[in-house]
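Peer 1: Join the two chains, each given in its own frame, into one complex according to the hints.
Residue numbers (the numbering used here), protein chains in the order written: chain A, 277 to 391; chain B, 5 to 114.
The set of hints was computed from the structure by calculation and includes no laboratory data.
Incorrect hints may have been included.
[Unchecked claim] Part of the chain B face toward chain A, derived, beta carbon under 10 Å: (1) Pro38; (2) Tyr40; (3) Gln42; (4) Gln49; (5) Gly59; (6) Ile66; (7) Ala74; (8) Lys75; (9) Phe93; (10) Lys106; (11) Gly107.
This structure is a prediction, so every number in the text was calculated from the model and none was measured.
Just so you know, even glycine gets a beta-carbon here, dropped at the ideal spot from N, CA and C.
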Amino acid sequence: NAGVMQNPRHLVRRRGQEARLRCSPMKGHSHVYWYRQLPEEGLKFMVYLQKENIIDESGMPKERFSAEFPKEGPSILRIQQVVRGDSAAYFCASSSDRGGYTEAFFGQGTRLTVV
Amino acid sequence: GENVEQHPSTLSVQEGDSAVIKCTYSDSASNYFPWYKQELGKGPQLIIDIRSNVGEKKDQRIAVTLNKTAKHFSLHITETQPEDSAVYFCAASIPSTLTFGKGTMLLVSP
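Next comes chain B alone, as it looks inside the complex (with noise of 0.2 Å):
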């Protein structure tokens, strides 16, 4: 089956700053990536997705790359602010399964 892994586990940044987490996937069918940012005590929420045929996809301070060649994906985010403050997971997906990698503990400090 598909194994995601996810560096770092933690991440401190002085707000501002840019963070960045990465992800590798081992199936190469998997065509879906999806992002997902947790908050204490939430459910995760999906933040941003790319899709096997993009490269690139940005969203106001988010963005997020996949190589597929690779088979690695990474999420930027720039100007980080508390609020981000945050676990973030990333994901690949077959159609209908979903495999998460372990997550990354974010933390943007004021």
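So here's chain A without its partners, still in its complex pose (with noise of 0.2 Å):
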């Protein structure tokens, strides 16, 4: 059963070009989260979302930032337009809640870095 699927590892850009992360979940989980993380710093919640819906966004970007996770195939975080300060570590992790506790598990992370 394999894990958590993120690619690419790592994904370089320049400023004002698109990057799109991709996340497959762990088999039979239904529910996608993004987290973003800067150097020597903690993970930022940016988005929840289940199949073809997303349920929290509370934390991403008003602006040039998007994500779904569509009903085949895996979840995607579009960054438009990306800026230096978009430079970091995106990690996504897949949970089923199943029994009511949200265990979740990461994948590797995509590191991001615009140039």
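Peer 2: Spelled out as structure tokens, the structure:
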């Protein structure tokens, strides 16, 4: 049973380009969370999605950032017109909420560098 | 919303010593408290968790305690080893949400 898969592991974009980060949850998990981590900082919640629905996007910047989790395929975090400040590690976690507890497992992250 | 405070931010111990990391949470509705270990360049790994109907849980050298009245929980690592060196995050969860502490960098010196 594969864990949470994120790709790419490393992504370099020039300022103004678009970044697309992908996350395939663990088998049987229908909940996906995206977090951002700056160097030597904690995990900042961005968005929580279930299949085809955004449940909580309170941590996501209002502009340039969007997320989706379609019925088929991975969850996508999209950053348009990237700026230097978007450089960070982006982690995805998935859970099943079985029994009412959010036991979440993380992927290895995508490290975005904006040059 | 939930707020999780974690202390200390850095902890240095000698190999073989014990390490304790403490967290407090604000929302009494939180019912699940996981701990994650993050090694350099990797994603957070779930190492132990505790549910609100349990006061203590142990798994080999690591243990977690929960005091619901005081709204705090702690991670205890005994007989530390150099490979325990990492950043440790606590989290508090209401179903479908996870709020993290800012992390503790644990350094275990041989």
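Peer 1: Each of the hints needs a verdict: does it hold here or not?
Peer 2: Against the structure, the hints:
1. Pro38: holds (7 Å)
2. Tyr40: holds (7 Å)
3. Gln42: For B/Gln42, the interface hint holds, since the closest Cβ of chain A sits about 9 Å away, which is under 10 Å.
4. Gln49: holds (7 Å)
5. Gly59: Where the cut-off is 10 Å and the nearest Cβ of chain A is about 17 Å from B/Gly59, the hint is violated.
6. Ile66: Since the shortest Cβ distance to chain A is 17 Å, the answer is violated.
7. Ala74: With a minimum Cβ separation of about 21 Å from chain A (threshold 10 Å), the hint on B/Ala74 is violated.
8. Lys75: violated (18 Å)
9. Phe93: holds (7 Å)
10. Lys106: holds (4 Å)
11. Gly107: Holds - the Cβ of B/Gly107 comes within 10 Å of chain A, reaching about 5 Å at its closest.
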